[in-house]
Structures are given as C-alpha cells and as structure tokens.
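Participant: Sequence:
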Amino acid sequence: MLLRHFPDPDILLNKDRMEERKALARDNALPESVLMEVSKTYTDVAETITGNKLKISENPREEIIDVLDTQFGLIRKSGEGLAKGRALVGVIMGSDSDLPCMKECCDVLKEFGVAYECTVVSAHRTPDRMMEYAKSASSRGLRCIVAGAGGAAHLPGMVAALTVVPVIGVPVKTSALSGVDSLYSIVQMPKGVPVATVAIGNARNAGLLAVRMLACCGCDPTLMAKMEKFQDDSRREVEDNVEKLEALGEEAYLNASGKKSAIVM
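Going by this note's numbering, the first residue of the sequence shown is number 14, and it counts up by one from there.
If you're looking for bench data, these hints aren't it; they were derived computationally from the structure. Model, not experiment: these values are computed from the prediction.
List time: in silico BS3-like cross-link candidates among lysine-lysine, alpha-carbon distance up to 27 Å:
hint: 1; residue 1: Lys239; residue 2: Lys123
hint: 2; residue 1: Lys116; residue 2: Lys272
hint: 3; residue 1: Lys186; residue 2: Lys272
hint: 4; residue 1: Lys242; residue 2: Lys123
hint: 5; residue 1: Lys123; residue 2: Lys186
hint: 6; residue 1: Lys53; residue 2: Lys35
hint: 7; residue 1: Lys116; residue 2: Lys186
hint: 8; residue 1: Lys257; residue 2: Lys242
hint: 9; residue 1: Lys66; residue 2: Lys35
hint: 10; residue 1: Lys239; residue 2: Lys35
hint: 11; residue 1: Lys116; residue 2: Lys242
hint: 12; residue 1: Lys204; residue 2: Lys186
hint: 13; residue 1: Lys35; residue 2: Lys242
hint: 14; residue 1: Lys239; residue 2: Lys116
hint: 15; residue 1: Lys66; residue 2: Lys53
hint: 16; residue 1: Lys148; residue 2: Lys123
hint: 17; residue 1: Lys257; residue 2: Lys272
hint: 18; residue 1: Lys204; residue 2: Lys148
hint: 19; residue 1: Lys148; residue 2: Lys116
Start from the sequences, fold in the hints, and give me the full structure.
Facilitator: Spelled out as structure tokens, the structure:
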C-alpha cells in the first residue's frame, strides 16, 4: 500500500488532484480521509527531517517507483521486466535432460508475462558457475529462482545456501527411484537454509508459486489479478466437469474424456 501511495504537500487544498485521490483510495479500499491523513503525515515527517518544504512533483508516483527500482532494485512496474528483458525469475537445472520437465515452469511464466532466464547450472560438474550464478542473483535483479534437479539433487539447496533470493526446488523424476531420491535430496534441508519444494516433476506448480511470490511480495496488482483469474478459471473448469460427469455417468464420461489411467498426475 505505501509504495502505491505518494505524498502531496497540498493534499488538503489541491482540488486538481481530487479525482486522483478518490481513484487511489478506491483502488486500495481505503476511505479518502485516511489517504489524505497519511499523505499529510508523510509531508510533515519529511519537512521535519529535512527542514525544507517538500517540493510538488508533476508525477510523484513515477518518481518514487523510479528511485526504488533504479537506485535500490526494490520495486518494478507491472510488465516492465518483460518489456526491458530484465529477468525476475531464474529457471535453472542440473542438466539439459531436465529441460522437458522445467519447460513447464517457463511456460507458466510466459502465460503470466513474467520475464525469466533459463539455463543449465550443475552443482557437481560446474560448481564455480553455480556459485557465481547464485551469489550474483540478487544484484542482477532476480527475485526468485526455480531450480530443478534429479537423483542426488543438490542444486536447489546449494543455491539457497549462497543467495538470499527465495529458491523453489523441483524434484525431477528419475529412472532409478522415480524421483523419490530427488524429492528427499531437495526437501530435507537443514534449518536455516529453506527451499520451497513442489511435487515430483511438477515444474508447473513451481512456476505458479514463483508468480505468487512476485505478485504478493512485489506488491504487483496486475500479477495478482492474473492469478485470481487463473484460480477462477480452474474453479469453473472443475464445475463444468462436475456437470458433464453427472449428466453422462462415469463410463460415458471416461470414454468422452479419454482419461483411462488410474495413475494420478
């Protein structure tokens, strides 16, 4: 909320910004009186600290966002990362053999319009590259890393140990133990080194979780709206299937849908 607000030295008197204030109050579900009081408090604090009158800006909101993003790398306008090509999410994997799995994460990020980078970073065969990638992640603007690995899947945990950027681990399914080895390697992290782990082979959920992190922690209302629409579409899909199943019966429904496998995916 605070990042979407701006101080206005003439907040109580400037009639030219009346509609602007009303819209901002409406967007943030706040009474206009509360918004005005917060603006006045901002102004008073700034003038007390600096000893100077706060100058009136033609576009204060844009100036605040520019300072926070350009100088400190803390905030970004919706879609700006994609437009400028600056990645917000790093999608990495231990081998190119993991790409068919990890591509689903990339597909989700594309669907939501989130800028990302995708590359191979092996914890065992390119340890120096892994360290460089993880340690530079924050300064390069990454706000989340999705790391997929199979077998002795040390990549997500090692990257999480080297960066403050949140890491989501994707256990890749293996031929030896069907990905259970990958899952245990990623999920059983020691205290102090958290890795958010999704289901075996479920890189799509990793992408969705990354979007939620950016939407909520990055205070991005556009991404939030897209995620709400996604959930609403998922709900409607299930409700449509319920109607079809009840109308057709189980055998006809299965024949029509082509869902024959008893294995849950």
